[in-house]
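Enquirer: Residue strings, one per chain:
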Amino acid sequence: MTAEAGHPHAHPHDHDHEHSTLGEMDLRVRALETLLTQKGYLDPAAVDRIIETYEVHVGPHNGAKVVARAWADPAFRDWLLQDATAAIASMDYTGRQGEHMVAVPNTPDTHNMVVCTLCSCYPWPVLGLPPVWYKSAAYRSRAVIEPRAVLADFGVTLPPGQNIRVWDSTAEVRYLVLPERPAGTEGWSEEQLAQLVTRDAMIGTGLALNPQDITKEAP
Amino acid sequence: MNGVHDMGGMQGYGTVQIEANEPLFHGEWERRALGVTVAMGASGLWNIDLARSARESLPPLDYVQGPYYAIWTKALQKLLIERGLITEQELAQGQPLTPPVAGVRVLKAAEVDAALAKGSPANRPSTQAPRFAVGQRVRALNLNPQGHTRLPRYVRGHVGTVVLHHGSHVLPDQHVNKMLPPFDGTAEHLYTVVFDGTELWGPQAEAGHQVSVDAWESYLEALPA
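Those sequence lines, one after another, are chains H and Y.
What the first sequence shows, in my numbering, is residues 1 to 219, in sequence order.
What the second sequence shows, in my numbering, is residues 1001 to 1225, in sequence order.
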């Protein structure tokens, strides 16, 4: 994919009051990139490659494969919980914003949820770039004081008695939630299991899908 | 810095706005802003904590009004201007008016994959024994530094329990001490400390709720046994 692909202008769903900001930012970023290139500080082809990396290669499909393997392979699950950085690196997901990984398993007793109250820390190698809501003031402010109310915004209600554990990523450690494996998936391949693993389930603002939620049937 | 970025526990920001089928970028400028910010970070002329500090110290209204990539862009401009790589006049006119600074490392397209896959690990070897142990009760200190810190306000003064020890990591508060490399890479033991919701939020806390932060050793004190 090239830099020209994708969406050159603001999307129709952008709020009206953002239009002037977006116009201003279009000009500002274009001017900045041009200036840096002309001064010899920036290779625009490197910018293209960085964008392509996160548009095409690195995203929540990576994390879904990690979770699926942990569900299917008890030895891998143990390794993931013991040393997530190494276990995830064994699948070639490494590097920027995932240098120090910790996987936190959901259990019937405890649901985990991840936030970065101070900025936008997010495990890029397994989840890609964060959605807008993850970086929003509403999520960052409320996740630590009323996580159940935040989950309600996502349509998630935890069973009575299940505790909630919020991980605020204030250092360079990045957290990946290991969701509970849905019932009715016995014998599924890793590839099939990965289809049940949503981005939000790995942040903890969602749960893994159930078999009936996806169109492809179990074997 | 007790800035607007330190949002944990604030009230009044409304419900979380979740966009169905959200695109990765909202407009071409966000794509380029991400790419330019990451590419220029490879110059090595600042570090992640200096970048965060630049974002946090933007005018508060700029910060809360976002969008987030606008925060990144404005902070990047600040980092570039502070170091003399570009000038306000050049930004305003959109063209070079001064000679480039010599010797700036330029990330080439062919180097991108390796650079991203390598990242920038923050752990460092340490000869210091950790002061705290997993299971120990600790208090987050009541610290209010003018400069950059990663101890959020909502845990300061509160008592929690160490649940993980991550080894020794570069201390953000000192990593910002020098504007240009070589940076102050002082490292300290880093812990995950978990707090009960009632400890943080009192009687209004939701039931069955705990919150952890990752805290460096100098953010914490031991409780008397």
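Careful: at least some of the hints might be erroneous.
In silico lysine-lysine, DSS-like type, Cα no more than 25 angstroms apart, as pairs [said to hold, decoys possible]:
1) H:65 <-> Y:1074
2) H:65 <-> Y:1108
3) Y:1108 <-> H:39
4) Y:1078 <-> H:65
5) Y:1078 <-> Y:1178
6) Y:1108 <-> Y:1078
7) Y:1178 <-> Y:1074
8) Y:1108 <-> Y:1118
9) Y:1108 <-> H:135
10) Y:1108 <-> Y:1074
11) Y:1074 <-> H:135
If you're looking for bench data, these hints aren't it; they were derived computationally from the structure.
Enquirer: For each hint, tell me whether it holds in the structure or not.
Expert: Hint check results:
Taking the CA atoms of residue 65 of chain H and residue 1074 of chain Y, the gap is near 36 angstroms; set against the 25 angstroms cutoff, the hint is violated. Between residue 65 of chain H and residue 1108 of chain Y the alpha-carbon distance is near 30 angstroms, which puts this suggested pair outside the 25 angstroms criterion. Distance restraint check for residue 1108 of chain Y and residue 39 of chain H: the Cα-Cα separation of roughly 15 angstroms lies within the 25 angstroms cut-off, and the hinted pair is therefore satisfied. Distance hint between residue 1078 of chain Y and residue 65 of chain H is unfulfilled; the C-alpha atoms sit about 39 angstroms from each other, more than 25 angstroms.
Distance restraint check for residue 1078 of chain Y and residue 1178 of chain Y: the Cα-Cα separation of roughly 15 angstroms lies within the 25 angstroms cut-off, and the hinted pair is therefore satisfied. Our distance criterion of 25 angstroms between C-alpha atoms is met by residue 1108 of chain Y and residue 1078 of chain Y, whose separation comes to about 23 angstroms. The straight-line distance between the Cα atoms of residue 1178 of chain Y and residue 1074 of chain Y is roughly 20 angstroms, inside the 25 angstroms bound, and the hint therefore holds. Distance restraint check for residue 1108 of chain Y and residue 1118 of chain Y: the Cα-Cα separation of roughly 15 angstroms lies within the 25 angstroms cut-off, and the hinted pair is therefore satisfied.
Taking the CA atoms of residue 1108 of chain Y and residue 135 of chain H, the gap is about 29 angstroms. The hint is violated against a cut of 25 angstroms. Annotation: proposed proximity of residue 1108 of chain Y to residue 1074 of chain Y holds, straight-line Cα distance about 24 angstroms (limit 25 angstroms). Between the alpha carbons of residue 1074 of chain Y and residue 135 of chain H the distance comes to roughly 16 angstroms, so the proposed pair stays at or under 25 angstroms and holds.
Hint compliance for this structure: hints 1, 2, 4 and 9 are not met, and every other hint is.
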